[in-house]
Amino acid sequence: MGRAEQGDDGTIMTELRYLAPNSLDEAIKAFAAAGNAGRILAGGTDLLVQMRAGVVKPGLIVDIKKIAEMMAIEETADGGFRIGAAVSGMALHDHPRFGKVWPGVLEAVNLIGSKQVQGRASAGGNLCNGSPAGDSVPAMVAAGAIVTVQGPNGRRQIPVEQVPTGPGRTSLTPGEILVSFALPPRPEGSSDAYLRMIPRTEMDIAVVGLGVSLTLKDGVCTAARVGLGAVAPTVLLVEAAAKALVGSKLDDAALNAAAAACSAACRPIDDKRGTIAYRTKVAGVLLKRTTAIAAQRAKGN
Amino acid sequence: MAKVHVSTTINGEPAEFLCEPNDTMLDALRGPLGLTGSKEGCASGDCGACSITLDDQLVCSCLMLAVESEGHELRTIEGLAQGEKLHPLQQKFLEMAALQCGICTSGMLVASDALLRRNPKPSEEEVRFWLAGNLCRCTGYDKIVRAVLETAADMREQGTRESIQ
Numbered sequence: 001m002g003r004a005e006q007g008d009d010g011t012i013m014t015e016l017r018y019l020a021p022n023s024l025d026e027a028i029k030a031f032a033a034a035g036n037a038g039r040i041l042a043g044g045t046d047l048l049v050q051m052r053a054g055v056v057k058p059g060l061i062v063d064i065k066k067i068a069e070m071m072a073i074e075e076t077a078d079g080g081f082r083i084g085a086a087v088s089g090m091a092l093h094d095h096p097r098f099g100k101v102w103p104g105v106l107e108a109v110n111l112i113g114s115k116q117v118q119g120r121a122s123a124g125g126n127l128c129n130g131s132p133a134g135d136s137v138p139a140m141v142a143a144g145a146i147v148t149v150q151g152p153n154g155r156r157q158i159p160v161e162q163v164p165t166g167p168g169r170t171s172l173t174p175g176e177i178l179v180s181f182a183l184p185p186r187p188e189g190s191s192d193a194y195l196r197m198i199p200r201t202e203m204d205i206a207v208v209g210l211g212v213s214l215t216l217k218d219g220v221c222t223a224a225r226v227g228l229g230a231v232a233p234t235v236l237l238v239e240a241a242a243k244a245l246v247g248s249k250l251d252d253a254a255l256n257a258a259a260a261a262c263s264a265a266c267r268p269i270d271d272k273r274g275t276i277a278y279r280t281k282v283a284g285v286l287l288k289r290t291t292a293i294a295a296q297r298a299k300g301n
Numbered sequence: 001m002a003k004v005h006v007s008t009t010i011n012g013e014p015a016e017f018l019c020e021p022n023d024t025m026l027d028a029l030r031g032p033l034g035l036t037g038s039k040e041g042c043a044s045g046d047c048g049a050c051s052i053t054l055d056d057q058l059v060c061s062c063l064m065l066a067v068e069s070e071g072h073e074l075r076t077i078e079g080l081a082q083g084e085k086l087h088p089l090q091q092k093f094l095e096m097a098a099l100q101c102g103i104c105t106s107g108m109l110v111a112s113d114a115l116l117r118r119n120p121k122p123s124e125e126e127v128r129f130w131l132a133g134n135l136c137r138c139t140g141y142d143k144i145v146r147a148v149l150e151t152a153a154d155m156r157e158q159g160t161r162e163s164i165q
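Chains as they are written, first to last, in my numbering: chain W, 1 to 301; chain P, 1 to 165.
The following block holds chain P by itself, in its conformation from the complex:
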């Protein structure tokens, strides 16, 4: 089958790749694009381990064709840290042991970041509902939910401090 040429933007950088028409975005990320942070758990949209954003919308990259990314903007887990400086969510997940085996973690972080961009002050219930599409078989979720809530509080405080300065 003739491969399709796709031009897109990933984590703010232009990206081009070749794919089969039936390849998923996750196939393209982990294959030709070499971005293996997004994980394949279920490949059917149930587990959220492959979460990315498409034009700021949280989606499962396993439920999207790679060819659909043409002309759109994607963000993956690889774009969360600023160089060597971890994103506050990543730092907090480490401090609060909000991960064990780590397979769900990149999806959890991408989904949590998408939540905090929409809603800087989520309630515990809102965090739990937002992350209902991200399955974790290790932590029991509690540490993850607390880490997201604490990060949100820290980022709000940081934001207040910066706006005063």
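With the rest of the complex left out, here is chain W:
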């Protein structure tokens, strides 16, 4: 990287610059000016691997970890949470309250890689990396997270499920940076859970991942959201599954209908990790298991 290099698309690559600004405005200005050559660095657990493999050759790296808002975990006055995009999994784990309110989001974030990776990797990076199998994403979708993004044209809020648009792609426009996740306040009787199917016990990529967030009142499910990962080009919000759960006492008929809705939503790839038939079936199985865990937790709240 010592000299200017010819990029794959014929453009001249300039040498790499590293910036670690203290303000978001400064970060956006530099990132937007760099165009396609710019890369955002949060935990770096995807970016450094991609750079090493030669998949990406950034001309500018903007490290966002010196920006206070990116690193903050804040419980808002209404009982919701705001999590900075670069907050590491370990920081979220060590927060005294977060895991009690959002155990499903926390268990999903804490499934990303090893303890070493947990010390660095963030939910923001997991989302922006755009993998359909990112573990935190289905749980964030189930939680109804709203993300804040900021770019040269200002700030906007969008539902988390609208960020990924395909493998490795997002709906963020040039110069936009993911700033934070906002999780809504929890009504009484609410909880969430995340399960993923992998062939081993740790350190693997989801064959199917599923998050459920629900609210129970007198044993009846009054609200539910289901996020489903690794079975389509993007993580899915399965509204039909949530609809099957809401109004029921989570009896077998409701669970079977919700499981069938999850299987019906699958458009998976066929690969060495799992066949289409296997992933489709497991999506339904995980819906039932994850719902049972979320319901058990909700009864204590």
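Be a bit skeptical, because a hint or two may be false.
Keeping only pairs whose Cα atoms sit at most 20 Å apart, straight-line, the calculated EDC-like set for lysine to aspartate or glutamate is [said to hold, decoys possible]:
(1) W/Lys217 <-> W/Asp252
(2) P/Lys3 <-> P/Glu16
(3) W/Lys100 <-> W/Asp78
(4) W/Lys57 <-> P/Glu20
(5) W/Lys65 <-> P/Glu70
(6) P/Lys85 <-> P/Glu16
(7) W/Lys299 <-> W/Glu239
(8) W/Lys65 <-> P/Glu162
(9) W/Lys66 <-> P/Glu73
(10) W/Lys66 <-> P/Glu162
Source of the hints: derived by calculation from the structure; they are not laboratory data.
As the structure is a prediction and not an experimental result, all values here were calculated from the model.
Put chain P on the given structure of chain W with help from the hints.
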């Protein structure tokens, strides 16, 4: 490319070095800083042989840019022993033959030390999950896990004795 000047703290001592913006922390440790205890196994964050701590957080030094260490505190395997006196984990690894070829060992020790600082009384399951990011192709892990558990027990006993005295 213009080299970047970085000031950081390594094992409690101030350290300065020059690096390329795309050098990893592992490159800087093993290169200009001459600290070759951290090993490069995979260079992609899978094997844990390059484990260090960054502000007390366990990380893979291969997944961190060297320039990111500016103003932070790092601890490497070189900081584990106190002079000639081995850390209890190092002593126990020797006694219990918790290493064979040794490539994974510095990462195993740094990761185990980070665990015991957080949790002085881990269960076997907690040790195994904590070390899931440290690969060893020789020992089958069992001796490593036992050594960590025994060290934790010894250090707790030692701590109790010291607090009584």
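Quick rundown of the hints versus the structure:
Of the supplied pair hints, the one linking lysine 217 of chain W and aspartate 252 of chain W holds, its CA atoms being roughly 18 Å apart against a limit of 20 Å. A hinted pair counts as satisfied when its Cα atoms are at most 20 Å apart, and lysine 3 of chain P with glutamate 16 of chain P qualifies at roughly 13 Å. A C-alpha spacing of about 16 Å is found between lysine 100 of chain W and aspartate 78 of chain W, which places the hinted pair at or below 20 Å, so the restraint holds. In summary, the hint linking lysine 57 of chain W to glutamate 20 of chain P is supported, as the alpha carbons are separated by about 14 Å, within the 20 Å threshold.
Of the pairs offered as hints, the one joining lysine 65 of chain W and glutamate 70 of chain P holds, with about 12 Å between alpha carbons and a cut-off of 20 Å not exceeded. Distance hint between lysine 85 of chain P and glutamate 16 of chain P is unfulfilled; the C-alpha atoms sit about 27 Å from each other, more than 20 Å. Distance restraint check for lysine 299 of chain W and glutamate 239 of chain W: the Cα-Cα separation of roughly 23 Å exceeds the 20 Å cut-off, and the hinted pair is therefore not satisfied. A C-alpha spacing of about 40 Å is found between lysine 65 of chain W and glutamate 162 of chain P, which places the hinted pair above 20 Å, so the restraint is violated.
Distance restraint check for lysine 66 of chain W and glutamate 73 of chain P: the Cα-Cα separation of roughly 15 Å lies within the 20 Å cut-off, and the hinted pair is therefore satisfied. About 41 Å separates the Cα atoms of lysine 66 of chain W and glutamate 162 of chain P, which puts this hinted pair outside 20 Å; it is violated.
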